[in-house]
Each structure stands twice: as structure tokens, then as C-alpha cells.
Amino acid sequence: MDYVVAVLLPQLLHGLVFGAALGLLALGLTVIFGLLGVMNFAHGELYMLGAYAGIAVIGMTHSFWAALVVAPLAVGAIGALTEVTTLRPLYRREPLYGLILTFGLALVFREGARQIWGGDMRRIMPPFTGSTPLLGMTYPNYRLFLLVASSVLLLAIWLFFTRTRAGVLVRAAVQDAEMLDGLGVNVPRVFTLTFAGSAALAALAGLLLAPIFTVYPQMGVEMILLAFIVVILGGMGSMGGSVVAAVVIGLAQSLLTLWMNPQRVAIAIFTIMIVILIVRPRGFFGREGVLE
Amino acid sequence: MLTIKDVHAGYGATPILFGVSLEVRAGEAVALLGRNGMGKTTLMKTVMGFLKPRRGTIELDGVDLTRRAPHEIARLGVGLVPENRRVFAGLSVRENLELGLSAAPDRSAALRSRRLDDVFHHFPRLRERIEQPGKTLSGGEQQMLAIARVMMAGARLILMDEPTQGLAPAFIRHIRDMISELKRLGVTVLLVEQNARVALAVCDRGYIMEKGSIVFEASSRELRESPVTREKLGV
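Chains as they are written, first to last, in numbering that gives the first Met the number 0: chain S, 0 to 291; chain C, 0 to 234.
Calculated directly from the structure, the hints in this document are not laboratory data.
On a predicted model such as this, the values are computed, not experimentally measured, just so you know.
Where hints are given, some of them may not hold.
As the list claims (entries may be wrong) - Here are some of the chain S residues that sit facing chain C, going by a computed Cβ distance under 10 angstroms:
id	residue
1	I115
2	G117
3	M120
4	R121
5	R122
6	M124
7	P125
8	T128
9	G129
10	Q174
11	D175
12	G183
13	V184
14	V186
Cβ atoms here follow ideal geometry from the backbone N, Cα and C, with glycine treated the same way.
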């Protein structure tokens with residue numbers, strides 16, 4: 000019983016918190032995957048830029064909350080600019096071009112961040128401290144806030160996709176962008192705004208997680224690999240699948256660290272991904288993916 | 000209304016159309032006949048702006064379409080009912096229909112409900128299926144949805160690509176009657192069909208395409224009786 004309360008329960012909650020934040024990152028990735036047909040390798044760098052933009056805004060305003068609003072907007076603008084100037088000219092070519100391009104963009108962003116902010120580890124202080132008694136243990140307030148904020152955001156995203164015209168346009172563009180254009184929708188604009196939204200979401204995840212992690216130019220690399228796994232397990236292009244898979248991976252990662260060192264956890268998680276990819280190529284839910 | 004002059008187009012390095020010229024006058028229904036692989040669908044895609052012609056002009060009431068994006072062409076009043084219907088499988092019938100409204104001059108609630116009433120008057124089946132995802136509809140119902148979608152837009156010129164392909168006879172009759180009805184409503188139709196009998200029953204005139212060019216043009220009555228039709232289409 001002591002083990003459960005002292006070790007298992009906090010670790011489960013850690014996993015849930017991390018999984019929900021990972022879901023934010025994976026959702027943007029899966030939507031862009033649906034539009035472009037390739038994984039956006041630069042997604043992790045947008046996550047990283049969110050944390051650095053947050054540090055910059057906090058430096059100027061001394062407010063985490065101001066950063067939480069401004070940093071995603073700034074990174075969203077970077078995303079929109081990137082889409083218009085680099086991705087748009089490649090849409091009529093093979094998806095492979097997009098893959099190579101986003102790989103290059105990731106390097107440019109990562110090394111660019113190192114040039115601007117240096118390679119040191121940095122920290123962002125949580126906007127509030129303290130902890131709350133919960134289920135027989137005490138749990139840090141900021142992590143609870145993270146869980147609530149991520150859940151609210153995921154719900155808002157779901158409402159966006161199901162209840163708003165803009166959300167329906169994005170879903171339609173994922174399914175058949177050319178036909179959507181033929182129906183009178185300015186699809187290039189849909190692509191730009193979707194890319195901006197996905198970048199803003201990644202930045203938001205980066206900034207929200209920064210107070211419990213550290214900020215450094217490589218921080219996106221590790222996260223993007225996990226997000227890739229989430230998208231694959233979720234069924235490539237399935238948004239609901241991505242959220243569920245994010246929570247599963249968050250929990251798995253968190254629980255496995257109880258019994259093995261982090262390197263072995265990484266091996267275990269990638270092994271799970273490889274097995275799933277072979278035996279269930281459509282992910283957990285077996286729905287038709289965008290590749291078919 | 001639609002004037003196509005000497006259009007050359009293709010995919011990548013592969014040319015498909017070699018100087019196509021044809022004309023569709025306002026209020027007409029015109030059939031575009033020909034065997035598989037002769038360039039009919041390519042021509043439809045080029046008119047819609049999915050493909051850019053390498054040479055030649057396409058004009059709608061004197062407005063040049065060749066340098067415009069598909070959504071601009073749609074907003075000028077051209078509606079495509081594409082080959083294989085291309086209904087949005089993951090979206091409900093309602094969402095599919097509302098997307099059709101994107102090319103309409105406004106998306107007011109009044110216009111939307113008027114157009115929905117119109118569409119349901121012609122396709123009561125769609126009203127019954129309004130909240131179902133597109134992928135749960137039968138082929139015939141998807142075809143109705145694809146036609147209803149461009150009616151939502153209020154298209155003045157409808158390009159229909161093989162609307163009866165793979166449908167049961169009852170659905171074929173329904174689609175055929177619907178084309179006549181569209182004509183009665185003043186919509187201009189350019190119809191690509193494998194089924195020449197259906198096409199010539201509803202259209203005023205027809206063109207026969209072969210290897211990326213127009214090789215014959217005549218009234219539907221002449222086409223029904225001409226040996227050229229039999230020779231070119233093998234019917």
C-alpha cells in the first residue's frame with residue numbers, strides 16, 4: 000500500500016500529465032501529416048522555439064502568463080512564414096521532398112537557436128509553487144495545472160474540429176485537398192493557417208512543459224521521436240487515436256522508469272512501436288489511415 | 000458560356016490533350032463521349048483548374064480561367080461532379096453539403112437553409128442520411144451527394160464526370176432525370192459519359208474525343224444515328 004501511494008500513484012500521475020502534454024504535440028504533428036503526407040521533422044524544433052520564446056517574453060515582462068499567450072503566437076507566425084516560403088512551392092511534388100525539407104528546417108531552427116541563445120541548459124520557473132494533498136499523497140500544483148490545461152486544450156481542439164467550419168475545412172483538406180479547392184475553398188490559405196496552428200500548439204506544449212523539464216536547443220529531438228511513435232500508434236492521421244496513444248506512451252514511459260534506466264525505457268518504447276507497426280499497421284484502432 | 004480553344008495539357012512530362020477546342024452555350028447540356036483514356040477526365044480537370052494547360056485558352060463568359068486557382072474558378076460558378084464522386088468520407092452528409100456552399104456568394108443562414116431545402120427536394124434520401132458520414136452511403140447516394148454539393152454552390156456550369164459509373168439502373172434513371180431537371184433550372188451541363196445512350200438521351204449536342212482531340216461533333220440525334228458514333232465508341 001505504501002508502495003502504491005508513495006511510488007506508483009505519483010508516477011501514474013506524472014505519466015498522465017506528460018501524456019496529455021505529449022498529446023498537444025502529437026495532434027499538430029498528425030494533422031500536418033494528414034495534409035502533407037509526411038512527418039514534419041521540424042515539429043520538435045517548434046516545440047523548442049516555444050520554450051525559448053517563452054524565456055524571451057518572461058525576460059521582458061516577468062510574466063509566465065504573458066509568455067503563454069505571446070510565445071505560441073510568435074511561433075505560429077514563424078510557422079506560417081515557413082509554410083508560405085518553403086513548403087508551398089513543394090506541394091505539387093512527391094511527399095519525399097517535404098520530408099527532406101522539414102529535416103533541413105529542423106537543423107536550421109535548432110542551430111539557429113544555439114546561435115541566438117547558446118547551448119546551455121536553461122530553466123523556466125513555474126508561475127506558482129506548492130503542492131496539494133491528493134489521494135493520500137501530495138502532488139505539485141504546477142503539474143496539476145499542466146494536466147488541467149492540457150485536458151482543456153485537447154477538449155477545445157476536439158470542439159474546433161467537430162463544431163467549427165474552420166475545423167471541418169481542415170478535416171476535408173486532410174482527406175482531399177484538391178477537391179476541397181474545387182468546391183471554392185482557398186486551400187493554400189487553409190494549409191498556411193493549419194501549419195501556423197500546429198506550430199503554435201507545439202510551442203504551447205514546449206512552454207507548458209519547460210518548468211518541469213529543461214530548455215536547450217536539442218530538447219525537441221527527444222520529444223519529436225516520442226510524438227512520432229504516438230502518431231504511428233494512433234493510426235497515422237487519426238486525431239482521436241493520437242490523443243489516446245499519447246496518454247498510453249506517457250504512462251508507459253513513466254511506469255517503465257520505475258523498473259529500468261531511461262536508455263532501456265527508450266529501447267522498450269521503440270520496440271513496442273516496431274511491433275505495432277508490423278502487426279497493426281493502422282495503429283491501436285485499426286482505422287483507415289491517410290496513407291491508404 | 001464555356002469556350003475551350005486549342006488546349007494542350009497533361010501530367011508531368013506526359014501530354015494527354017492535344018489542342019482540344021469545344022464550346023458549351025448557356026443553358027445547353029453537352030455530352031463529351033469517348034473510350035477510356037482518351038482525355039475526357041483530363042479535360043474536366045483542366046477546366047476546373049486542377050491542371051494548368053500548357054497552351055490554349057479556357058474562357059467562361061469571356062473570363063480567362065487558365066491562370067486561376069480551382070477555388071476561384073468554383074467561385075465564378077463552375078461546379079465539378081468528379082469521377083469517383085470524391086465525397087469527403089469522414090465528414091457527415093451535412094458537412095459535405097455545407098462545404099458545397101463555399102463557392103456561393105455568401106454563406107448566410109438564409110441562403111444555406113434555402114439551398115438545403117432545394118437539395119432535399121430533389122434528393123430526399125440525403126435528408127434521411129444527413130448526420131451519417133459520407134463513407135456509409137451507397138455509391139448511388141454518394142453520387143447524389145456529389146451533385147447536391149455543387150447545387151449548394153449554385154453553380155451555373157456543372158462539369159459531370161461519369162456520374163452513372165457503377166450505379167444500379169434505378170440510380171442511373173434518377174441521375175439522368177436530375178440532369179434534365181438541372182437543365183430545366185437553367186444550369187449548363189458538360190457531361191462526360193461512357194454510357195452514350197444515357198448521355199445522348201439528356202444532352203442537346205455531343206463531342207467525341209479520341210487520343211486527346213475532338214474528332215466529331217454533332218447534335219444528339221445525329222450522334223445516335225451516325226455510324227461514326229458506333230465506330231469511335233464501339234457501341
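Now the hints, each set against the structure:
Because the closest C-beta pair between I115/S and chain C is about 37 angstroms apart, greater than 10 angstroms, the hint is violated. Of the supplied interface hints, the one on G117/S is violated, with its beta-carbon coming no nearer than about 44 angstroms to a beta-carbon of chain C, more than 10 angstroms. For M120/S, the suggested interface contact is broken, since its CB lies about 43 angstroms from the closest CB of chain C, more than 10 angstroms. Interface hint status for R121/S: violated, as the beta-carbon distance to the closest one in chain C is roughly 42 angstroms, over 10 angstroms.
For R122/S, the suggested interface contact is broken, since its CB lies about 43 angstroms from the closest CB of chain C, more than 10 angstroms. Contact between M124/S and chain C, as hinted, is not supported at the beta carbon level, the nearest pair being about 43 angstroms apart and thus beyond 10 angstroms. Of the supplied interface hints, the one on P125/S is violated, with its beta-carbon coming no nearer than about 39 angstroms to a beta-carbon of chain C, more than 10 angstroms. About 44 angstroms separates the beta-carbon of T128/S from the nearest beta-carbon of chain C, more than 10 angstroms, and the hint is not met.
The interface hint given for G129/S is broken, as the beta carbon of that residue sits about 45 angstroms from the closest beta carbon of chain C, more than 10 angstroms. Contact between Q174/S and chain C, as hinted, is supported at the beta carbon level, the nearest pair being about 5 angstroms apart and thus within 10 angstroms. Interface restraint check for D175/S: the shortest CB-CB distance to chain C comes to about 6 angstroms, inside 10 angstroms, so the restraint holds. A distance limit of 10 angstroms between C-beta atoms decides the matter here; for G183/S the minimum to chain C is near 3 angstroms, and the interface restraint holds.
The interface hint given for V184/S is met, as the beta carbon of that residue sits about 5 angstroms from the closest beta carbon of chain C, less than 10 angstroms. Satisfaction of the interface hint for V186/S is found here, the shortest Cβ-Cβ separation to chain C being roughly 7 angstroms, below the 10 angstroms cut-off.
Checked against the numbered hints listed earlier, the structure breaks hints 1, 2, 3, 4, 5, 6, 7, 8, 9; every other hint is satisfied.
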